[in-house]
Structures are given as structure tokens and as C-alpha cells.
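J.: In order, the protein sequence lines correspond to chains A and B. Per the UniProt record's numbering, residue 1 is the first one in the first sequence, and the count goes up by one each step. Per the UniProt record's numbering, residue 1 is the first one in the second sequence, and the count goes up by one each step.
No wet-lab data here; the hints were simulated from the structure. Using N, Cα and C, we set each Cβ at its ideal position, and we do this for glycine too. Misleading hints may appear alongside valid ones.
[Said to hold, decoys possible] Across the chosen pairs, the derived CB separations fall in these ranges:
# : chain 1 : residue 1 : chain 2 : residue 2 : range
1 : A       : 133       : B       : 188       : 51 to 57 Å
2 : A       : 52        : B       : 71        : 16 to 22 Å
3 : A       : 133       : B       : 68        : 19 to 25 Å
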Amino acid sequence: MRALDIDYMLGLVPVILGYVPLTIGMALAAMVCALLLACLLAVERVARIPVLDQFVQLFISFFRGTPLLVQLFLFYYGLPQILPVLAGINGVTAAIIGLTLHFSAYMAESIRAAILGVDRSQWEASQAVGMTQGQLMRRIILPQAARVAAPTLVNYFIDMIKSTSLAFTLGVTEMMGATQKEAAGSFLYFEAFLVVAMLYWAIVEVLSYLQRRLEGRLNKALAR
Amino acid sequence: MISIRGLTKRFGATTVLDGIDLDIAAGERVAIIGPSGTGKSTLLRCLNYLDRPEAGVIRIGDLTVDAATAKPAQILALRRRTSFVFQNYSLFANKTAHQNITEALITVQRKPRAEADARADAILREIGLADKAGAYPAALSGGQQQRIGIGRAMALDAALMLLDEPTSALDPEWVGEVLDLMRRVAERRQTMLIVTHEMQFAREIADRVIFMEGGRIVEQGPPSQIFDAPQDKRTESFLRRVR
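Sequences and hints are given; from them, build the entire structure.
T.: If you want it as C-alpha cells, here you go:
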């Protein structure tokens, strides 16, 4: 067993750190889109709009039932052959769309469960003051469901950050892609991948801290 | 001004409301009394379609809603002409006391925020909870929550206020303050239909008392008649039991 090349590792940190904004940016963009889509899907699943409901169920079933890597390949390498409009799509965009669709399916189920967990009295009070279904959802039900769903959703975001590493298979040079290139030049695979692992870990730890603070804020309304 | 004709509600094979006919004049305060499970609450809940009646026509002013043909827009319009006070308060859990009152003013009635805020401040003062404006429902006592529930309904200025046993879920120590507030609302001649088990209160504030049993109106009249000289055996026996 050889000794770790600490100097190489320290030198690599700033190089890979330079790709953190791209990784976080992809994850953030996908998270925002996935949240919006998941809310729509969840509200539909609660409202059970005929015909649309079957499509939504199929969508959720497919994106939960197949690996993210397969979905990304299908989307980036496969779809442009069928739909020439997509031919010019770049890896970053494709990864964001793929992550959005994949994670929205999971998040929709969490949000749906959280919506159904909101007390019936909250629906009735909203209806009684004359709110439309949309107002009732936006103003009363979703904010309360958010408190219940928040821990799970942040977990999905953490998962999503790590999943952005798959964008490297679409030719995107993000944290993982950059590490792979560095390692291929130095042959110090263990050091390089250890550094990137540590950096992902650090990002996730920061997020976990923010998660605890967010939950504290959302619980404010229920604090005695 | 408000007329109800043939209001009928069934849960499965059970008929809970059996063709209720009722007229309420503007400014009239009507109390409904009767044994549990006779459809009193269901009547209130059918009047704003929290429970959808199988049949019957509800008229409030120029709005007519027929159960046979009721469209979502009509149901919404009906709800916007009524306000509702729930037995279990049902305040918006994610809103402060102040926001519970402004919410519908801003979202539903599209009032400017400043106007809604001023209205909520005035109501909070009136119900004696100005110091709780920023408190969330979970931090308030049952009596305080129900006073805000009533304040929320007052703010709507509805043609008809529906109150579903507003003191039944309260600990005895809070009943007095809620009754006092309802008395003040009644004194303003807010048109109200109130289901209550507080007989003394009904006698005091109601222009008319309705005795219901088995999904039907058995007897109605001024409080003095219903409480002191009931015409129907069933009214008499009910009143003997609750006294």
C-alpha cells in the first residue's frame, strides 16, 4: 500500500470547487422545476381529474419505476433521434430536465400524502369563507402540507445534488466530470475520487444544517 | 329575504333532512334546538353546501341555488353570502389571529390590504384580543380561538351568519366569553341561524326558536312560546330533559 498524495489532494480541492456552482446550479434549477411540477401532480392526484389522473399515475409510475441513468440516456441520446427538435439540446439542459421529471414523480407522492394529512377542518373553513379550489390550495392547504413534506423534500434535494454527478455521463463537466478528467491525467484515482466524495459530503452537511433551520421556521405556527 | 324550500339530505339510506322549509327575515336571529342527531348541524352545513343536499332550493337575496342544478359558481356565490362559525373553531392553522380575519377579505373579497388590516384591527379590539393579533391558533385557548372564529365570520359582513354549536367544544370556563361575544353580534341585528344547546342564551337573543327532531321542524315560534308554552309533546319532553 502506498501513502496518500496529500499535496495532490489539496491542490485538487480548488480545481473541483470551481465546478461546485455548476453542480449546485443544476440541482437548484431542477429542484425549483421539480417542486412546481410535483405540486401540480400532487394536486391532480388529490383532485383525481378523470383521464388526466390516469396520465399522471402513468407518469409517476414510469419515472419512479426506471433508473435515473436510463431516463437520462433515453432523454439525451434517444429522444433526439425521434424528435429532431431536441437534437441541439445540451447536456446541462438535458440533465436538468431529466432530474426534474425523475424527482417530481417522487416528490409528488410525498406532497400528495402531506396534502391528505391536512385536517378536514382546514378544507371546510376555506370553503366556508368562499375560497375557490385554487385559493384554498395555495393559501391554506399547501402551506400546511409543506410543513409536513419539508423534511422529505429536502432529502430529495440532497439526493438530487448527488444525482447531478450522473450528468457527467451526458458529457457535462461538473464536479464528477472534472474529477474524472483530473484523475485520468494523474492516475491518482483514489485521491481524486476521495476529494470529490469529501466535497459532496461537505455540501450535504451544509444543507442538513439549513434543513434543520427551515423546519424550525415552518414549525413556528404550531409552537405553543 | 332568505328562503329555504324542501331541503333534503340523505346519508346512505338515512334521511337526515326531510324537506325543510324555512324563511328568515333580514336581521332576524333564529335559534335551532333539538336532540342530537336530528339534522340541526346538517341543516347549517347544507345551507353553504359543506354538505351537498339531494334536493331543495335556497334563496338569499337575488341568488337562487337549486340542489338539482347547482353549479360550482353558484355554490361559491352562496358561500360568499354566508359566514360560518364552526363547533371546533377551524381557524386557519397557518395564519395568525390577524391573518385569520384578513385572509378572506383579501383573497375572496379582493379588499385592499390596508382596508382589511384596519378591519381586522377593529374586530380584534372588539373581541378583546388585540394583544393576540400575531398569535397562531395553536397558542390560543379554546375561548380565544372561538372568539376569533366569530371575528372571522363578522368581518365577512355576510347576509346570513351560520353558527354550529359554537360553545359545545369549549371547556366550561370559556363558554361565558363566547356567549357574551355572540350576544353583541346578535344585538347588531346580524341575520343569524344558530344551532345551540344553551337554552338560556337562545331565549335571550333569538327572535324565533325552532325545535327540530328527526330531520324535520316540529315547532317554531318566539322564545316565550317555545320555552314556556310548547305546543308539541316532543318539544315539551325535550325541554324537560335538558332543563
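J.: A separate judgement is required for each hint: does it hold in the structure or not?
T.: Now the hints, each set against the structure:
1. 133/A x 188/B: 51 to 57 Å: Once the Cβ atoms are compared, 33 Å apart, the range 51 to 57 Å for residue 188/B and residue 133/A is violated.
2. 52/A x 71/B: 16 to 22 Å: Once the Cβ atoms are compared, 21 Å apart, the range 16 to 22 Å for residue 71/B and residue 52/A holds.
3. 133/A x 68/B: 19 to 25 Å: holds (22 Å)
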